[in-house]
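Mind docking these for me? Both chains are given alone in their own frames, and the hints should help you get the complex.
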Amino acid sequence: QQQVKQSPQSLIVQKGGISIINCAYENTAFDYFPWYQQFPGKGPALLIAIRPDVSEKKEGRFTISFNKSAKQFSLHIMDSQPGDSATYFCAATSGGGADGLTFGKGTHLIIQP
Amino acid sequence: DAGVIQSPRHEVTEMGQEVTLRCKPISGHNSLFWYRQTMMRGLELLIYFNNNVPIDDSGMPEDRFSAKMPNASFSTLKIQPSEPRDSAVYFCASSPGTDEEQFFGPGTRLTVL
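For the protein sequence lines, the chains are V and D, in the order given. For the first sequence, this note's numbering gives the first residue as 1, with consecutive numbering after it. For the second sequence, this note's numbering gives the first residue as 1, with consecutive numbering after it.
If we strip away everything but chain D, and leave its shape as in the complex, we get (with noise of 0.2 Å):
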């Protein structure tokens, strides 16, 4: 399995441009989960998804950001109007719903200038 896959891995823009990052689960897995990890806040929870619904968005942490699973392959989180604090590892999960561990992605380094 090719497992969690995400893209682009490094993604540079200008502050109030839309940024749109992508992920991939491992096939066969009912639940994803996006994460941001920076040096001040290390890792956090944005949002999850169960069987494509979202289930917990309590962590975005604002109306510019949102997130789709619009089928059990993929799922986009996107920022618009991005902004320099928004310079952060994102990283998507993904596990099987049955079974407890999380499978991380190799994450998508983005910088707004």
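In isolation and in its complexed conformation, chain V is listed as follows (with noise of 0.2 Å):
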């Protein structure tokens, strides 16, 4: 498997602030890039994705924003709350999404009240 290069690893935002997670890949034959959002003891959830024909998808306060050229993409969370403290991995996968997923390291992100 392609590895994805996710940073930071560990995040601090106050209350309101913007959220920047940044995430590169290798393969040029991922086609689909999902953000998943873990709580502890929990699975993973899908958050949002974009495919590579897009520069930018956003849902409410969350935005995927898309580098085909560089091959990388940024998840950014806007107004950011204390329920949005988690940790987000970043992931790819091709085969238009139907293959297994290879996942960035993901980061532990903390909003501050």
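Treat the hints with care, as some may be off.
List of simulated lysine to aspartate or glutamate pairs, DMTMM-like, C-alpha gap at most 25 Å [stated by the list, open to error]:
| no. | chain 1 | residue 1 | chain 2 | residue 2 |
| --- | --- | --- | --- | --- |
| 1 | V | K5 | D | E101 |
| 2 | D | K68 | D | E83 |
| 3 | D | K68 | D | E18 |
| 4 | V | K5 | D | E18 |
| 5 | V | K57 | D | E101 |
| 6 | V | K15 | V | E59 |
| 7 | D | K68 | D | E101 |
| 8 | V | K68 | D | E101 |
| 9 | D | K68 | D | D57 |
| 10 | V | K42 | V | D53 |
| 11 | V | K105 | D | E18 |
| 12 | V | K42 | D | E11 |
| 13 | V | K42 | D | E44 |
| 14 | V | K5 | D | E44 |
| 15 | V | K71 | D | E44 |
| 16 | V | K105 | D | E101 |
| 17 | V | K58 | D | E101 |
| 18 | V | K5 | D | E11 |
| 19 | V | K42 | D | E101 |
| 20 | V | K71 | D | E101 |
It is worth saying that the hints were derived from the structure and are not from the lab.
Printed below as a string of structure tokens:
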């Protein structure tokens, strides 16, 4: 499996601020890029996803920015809230999303009140 | 829908013992995935099935690991013999096959002493 590199490993943001998490990939065959959110003791849950035919996707306070030429994508959380405190994983896969996911190492996000 | 069901939720065993983890996917989902999560390696794909057929088992760490899916509603991941380095949280996920989202179960926390 090709690697997906994620940064930062941990992030502290003040309530109301913007949280930004970055990922880079190597395999140009990847064609689906989801972000998963995981709370302690729970399984990961899909937050938002993007395909490489668009450069940005927004759902509520969550936005993915995608740069195909640089092979990078990022998650932006606007107006961050304490309830957003969790671990976030970027991932990538091929086959239109039918294949298994290759995950980044995760970012532990803490939103301070 | 009950979501993906995994059992047991926690398993403590001694080195050398056989361990069997179980998964019931969401009804109607055609794809099933097994992942392993550790602090050192993060989330890793072990194997996935499509319509009960193993598609990619390249992530299975060694011959001590085996997985089966005898029907559309049940899968097992077996480790024989188990070793302390197998200690991890094992997640099962399923997807409809026509959509990219993978739904994760709550995981089985395995501790091998």
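These are the hints, each one checked on the structure:
1. V/K5 x D/E101: holds, 21 Å
2. D/K68 x D/E83: Measuring from Cα to Cα gives roughly 20 Å; hence the hint holds.
3. D/K68 x D/E18: holds, 15 Å
4. V/K5 x D/E18: violated, 34 Å
5. V/K57 x D/E101: holds, 16 Å
6. V/K15 x V/E59: Given pair V/K15, V/E59 holds - Cα atoms ~19 Å apart, limit 25 Å.
7. D/K68 x D/E101: Roughly 22 Å between the alpha carbons, so the hint for D/K68 and D/E101 holds.
8. V/K68 x D/E101: Holds - the C-alpha atoms of D/E101 and V/K68 are around 21 Å apart, at most 25 Å.
9. D/K68 x D/D57: OK: D/K68 and D/D57 at ~11 Å, within 25 Å.
10. V/K42 x V/D53: violated, 32 Å
11. V/K105 x D/E18: Violated - the C-alpha atoms of D/E18 and V/K105 are around 29 Å apart, more than 25 Å.
12. V/K42 x D/E11: At roughly 16 Å apart (the allowed maximum being 25 Å), D/E11 and V/K42 satisfy the hint.
13. V/K42 x D/E44: Holds - the C-alpha atoms of D/E44 and V/K42 are around 16 Å apart, at most 25 Å.
14. V/K5 x D/E44: holds, 14 Å
15. V/K71 x D/E44: The hint holds at about 21 Å.
16. V/K105 x D/E101: holds, 19 Å
17. V/K58 x D/E101: holds, 17 Å
18. V/K5 x D/E11: violated, 31 Å
19. V/K42 x D/E101: holds, 17 Å
20. V/K71 x D/E101: With a Cα-Cα distance of about 22 Å, the restraint between V/K71 and D/E101 holds, given a limit of 25 Å.
When each numbered hint is compared with the structure, violations occur for hints 4, 10, 11 and 18.
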